[in-house]
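Protein chains in written order, with this note's numbering: chain A, 125 to 499; chain B, 125 to 499.
The set of hints was computed from the structure by calculation and includes no laboratory data.
Note that the structure is a prediction, hence the values are computed from the model and not measured.
Accuracy of the hints is not assured; some may be wrong.
Said to hold, decoys possible - Below, a sample of chain A positions facing chain B; criterion: calculated Cβ distance under 8 Å:
{"id": "1", "residue": "R162"}
{"id": "2", "residue": "L271"}
{"id": "3", "residue": "L275"}
{"id": "4", "residue": "E276"}
{"id": "5", "residue": "A296"}
{"id": "6", "residue": "V300"}
{"id": "7", "residue": "P304"}
{"id": "8", "residue": "A313"}
{"id": "9", "residue": "L336"}
{"id": "10", "residue": "A345"}
{"id": "11", "residue": "A352"}
{"id": "12", "residue": "G353"}
{"id": "13", "residue": "L367"}
{"id": "14", "residue": "L432"}
{"id": "15", "residue": "G482"}
{"id": "16", "residue": "T486"}
Glycine included, C-beta positions come from ideal geometry on N, C-alpha and C.
Protein chains: 2
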Amino acid sequence: MHSAAIVGTGLIGTSVALALRAGGIVTHLVDADPAAARTAEALGAGTTERPDGVVDLAVLAVPPTQVAPVLASLQKDGVARFYTDVAGVKALPGREAEALGCDLASMVGGHPLAGGERSGPLTARADLFEGRPWVLVPSEATSTAALNCALELVASCGATSVLLDAEAHDRAMALVSHAPHLLCSLAAARLVDVDQSVLRLARHGLRDFTRLAGGSPALWADVLAANAGPVAAVLEAFAADVLEAACSLRELARSRGDTDVRVRGGDRLSTSLERGVAGRSGIPGPYGVPEPAHPAVEVDVGDSRGELARLFADVAAVGCDIEDLDLEHSTGRRVGRVRVFVVRGRAHHLAGELRLRGWEVTGPPSYPVGGFCDR
Amino acid sequence: MHSAAIVGTGLIGTSVALALRAGGIVTHLVDADPAAARTAEALGAGTTERPDGVVDLAVLAVPPTQVAPVLASLQKDGVARFYTDVAGVKALPGREAEALGCDLASMVGGHPLAGGERSGPLTARADLFEGRPWVLVPSEATSTAALNCALELVASCGATSVLLDAEAHDRAMALVSHAPHLLCSLAAARLVDVDQSVLRLARHGLRDFTRLAGGSPALWADVLAANAGPVAAVLEAFAADVLEAACSLRELARSRGDTDVRVRGGDRLSTSLERGVAGRSGIPGPYGVPEPAHPAVEVDVGDSRGELARLFADVAAVGCDIEDLDLEHSTGRRVGRVRVFVVRGRAHHLAGELRLRGWEVTGPPSYPVGGFCDR
Chain A
125 MHSAAIVGTG LIGTSVALAL RAGGIVTHLV DADPAAARTA EALGAGTTER
175 PDGVVDLAVL AVPPTQVAPV LASLQKDGVA RFYTDVAGVK ALPGREAEAL
225 GCDLASMVGG HPLAGGERSG PLTARADLFE GRPWVLVPSE ATSTAALNCA
275 LELVASCGAT SVLLDAEAHD RAMALVSHAP HLLCSLAAAR LVDVDQSVLR
325 LARHGLRDFT RLAGGSPALW ADVLAANAGP VAAVLEAFAA DVLEAACSLR
375 ELARSRGDTD VRVRGGDRLS TSLERGVAGR SGIPGPYGVP EPAHPAVEVD
425 VGDSRGELAR LFADVAAVGC DIEDLDLEHS TGRRVGRVRV FVVRGRAHHL
475 AGELRLRGWE VTGPPSYPVG GFCDR
Chain B
125 MHSAAIVGTG LIGTSVALAL RAGGIVTHLV DADPAAARTA EALGAGTTER
175 PDGVVDLAVL AVPPTQVAPV LASLQKDGVA RFYTDVAGVK ALPGREAEAL
225 GCDLASMVGG HPLAGGERSG PLTARADLFE GRPWVLVPSE ATSTAALNCA
275 LELVASCGAT SVLLDAEAHD RAMALVSHAP HLLCSLAAAR LVDVDQSVLR
325 LARHGLRDFT RLAGGSPALW ADVLAANAGP VAAVLEAFAA DVLEAACSLR
375 ELARSRGDTD VRVRGGDRLS TSLERGVAGR SGIPGPYGVP EPAHPAVEVD
425 VGDSRGELAR LFADVAAVGC DIEDLDLEHS TGRRVGRVRV FVVRGRAHHL
475 AGELRLRGWE VTGPPSYPVG GFCDR
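Same shape as in the complex, but just chain A (with noise of 0.2 Å):
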């Protein structure tokens, strides 16, 4: 690959121009915004001027819902040899792209996994898909040269390259992604008209459990829309779940004194709340494994200003590398107690290590061992 042309200089088609030029590849960027594009020309992600002759591969980072109409324009007029989108859904652009007649054979759908809430060319990097999966959805029709392309241009952002049926993705996007960003903004838009005496009664979990509720509503909605079916699939499986929870509760108010059926449901109930200890324990850590059980060093943290500082000081001392953090924090108390994820192993040495300096490290022991810790 020597040229390439990006349409749609928002987040992903700037970091992904970013991400070409370090590698040497003329970046062509357009945007149906001239600013836009002109803003990402500033940030160093390429040129806004047309390209001489056809470019190797097109980039299409526009929203679900138009890369079949934009796909076809740029075919129509000869802009690349090779394209490929960004897009979060699969199935509906490729279906679209067909009804259109575009030209099947020299496009490859994509879906690279990295971005998160921030939208816009201002918040673009070069490496914003280091080691992230990227998605390709080869259609039966794509070509092997197409298909390739597409793997360099993975290759090239950093990222590693993962083979889908097109339904499939969509699936698994609706299951991890799409469904829980619409629940949580639901769930958070229950609390808009709730008075702020009942809301300081809410602890730091809630706001944790709406953290998704973000983003750009209307990149969103579009991405939605677009996986509509899947999507609706998961919050009906779900609204099925949560009702049957609501019967199981019920049940339990109305059974006061009938022990047999406040025994079943409150079996019932602890069975689904082991089942998301469970369910919580499979998604993947920040090395993309399970989160091992208990893998946190946690220290309380003073009020004084530098304390972060020097803990970390301190575990980069002892050698160890810290994977993730939590803070939990009391109203009206800054920090708190902090929770430092280190290597599976590593934990135990280091909350040792961290006691030694003086540190009140409250978990885990010192030493691997059931019994009184060394407090």
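Since the structure of chain A is provided, determine the placement of chain B on it from the hints.
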């Protein structure tokens, strides 16, 4: 208050005992499991010896469904002058205490809002309640003397008393704590049988979403059973929202080509998503006030050991206190992007200072103006 009996030496009971003891109050520890009481004793929470006479206050730190029977038993033995509890549900214990013929004048229901996922005496801390709200639900029958004793307890633990009606408390807890916990568990439970090939496509946000799905299933089952009615009501309302959203999505899926339906459905979705953003911003942040929009300084942190320590040392040197932290990272990278929350109004200053020190600060701009920021 000179003496207290702590009945139930789990996380909360032991923490209360530690706090009271630090204030010079004699604490007598009792637990259905004598080993648990001895553990708390070994941690310095008090003595397992029976009190000589009547203690001033008995604190019932037992699950909600056990409060009334334990209260009846303690009152029969004339253990204390006044009684309070710490269960997360208030209406049911009150009703059951009345039904059992307990003396309601000497009893004040209470609920300290602290603790989180951990349980058991080993994780107890004297300052667990510092700065936290502590709800008290005096009934019409509660004597002023009993209430004053409870207020003294709360003050001794460094918490802030909040007087509430018992039913209002339970409805509030259902909304901001109990239902979210159960919803998280149900969501996480759906992930149990999902293949790793799908889970690896999940992003960091999914772990946040299911973070509440931790904690002791047995304890939570008891809390949920004791607040069954209000929690069921929240779940039913939420399920209705979810099914309505699924309906909109199904309509969108069917409406390919019908622009009106698509626009209406898309608008309904956007409205839900926007309400989600609004709802989230109302949730109290570290200082108990709603989190300001874009409060965080975002810094890219490299892989080298000690980077985090250097970053926080620089933040301290600039004269900023860290109020909260967020870490984002890609699979295969440690740390990555750190969001540092500082006092509102200082973010731009900190961003500028960190840039001068060579940090790669992705936001906000050094000066709070629109347009190009100095990268």
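Item to complete: Using 8 Å as the Cβ threshold, decide whether G353 (chain A) counts as touching chain B.
Response: 4 Å, holds
Worksheet item: Does L275 (chain A) pass the interface check with chain B, least Cβ-Cβ distance below 8 Å?
Response: This interface hint is violated because 18 Å lies over the 8 Å limit.
Worksheet item: Does the nearest C-beta of chain B fall within a distance shorter than 8 Å of the C-beta of L271 (chain A)?
Response: 20 Å, violated
Fill in: Cut-off 8 Å, beta-carbon criterion: hint that V300 (chain A) touches chain B
4 Å, holds
Item to complete: Could you check if L367 (chain A) really has its C-beta closer than 8 Å to a C-beta on chain B?
Response: 5 Å, holds
Practice prompt. May I ask you to test the interface hint for G482 (chain A) with respect to chain B, counting a Cβ-Cβ separation under 8 Å as satisfied?
Written response: Violated - the Cβ of G482 (chain A) stays beyond 8 Å from chain B, reaching only about 16 Å at its closest.
Worksheet item: Hey, does the T486 (chain A) contact hint survive, CB to chain B under 8 Å?
Response: 6 Å, holds
Practice prompt. Grab the minimum C-beta distance from A352 (chain A) to chain B and call the hint holds if it beats 8 Å, violated otherwise.
Written response: 4 Å, holds
Worksheet item: Is the interface hint for E276 (chain A) satisfied, with its Cβ closer than 8 Å to some Cβ of chain B?
Response: Given a least distance of 20 Å, the restraint on E276 (chain A) is violated.
Worksheet entry | Evaluation of the interface hint that places R162 (chain A) against chain B, nearest CB under 8 Å | 10 Å, violated
Worksheet item: Is the interface hint for A313 (chain A) satisfied, with its Cβ closer than 8 Å to some Cβ of chain B?
Response: Check passed: Cβ of A313 (chain A) comes within 4 Å of chain B, closer than 8 Å.
Discussion item. Quick check on L336 (chain A) please, does its C-beta sit within 8 Å of some C-beta on chain B?
Written reply: Hint holds; L336 (chain A) Cβ to chain B Cβ min 5 Å, cut 8 Å.
Hint violations for this structure: numbers 1, 2, 3, 4, 15, all remaining hints satisfied.
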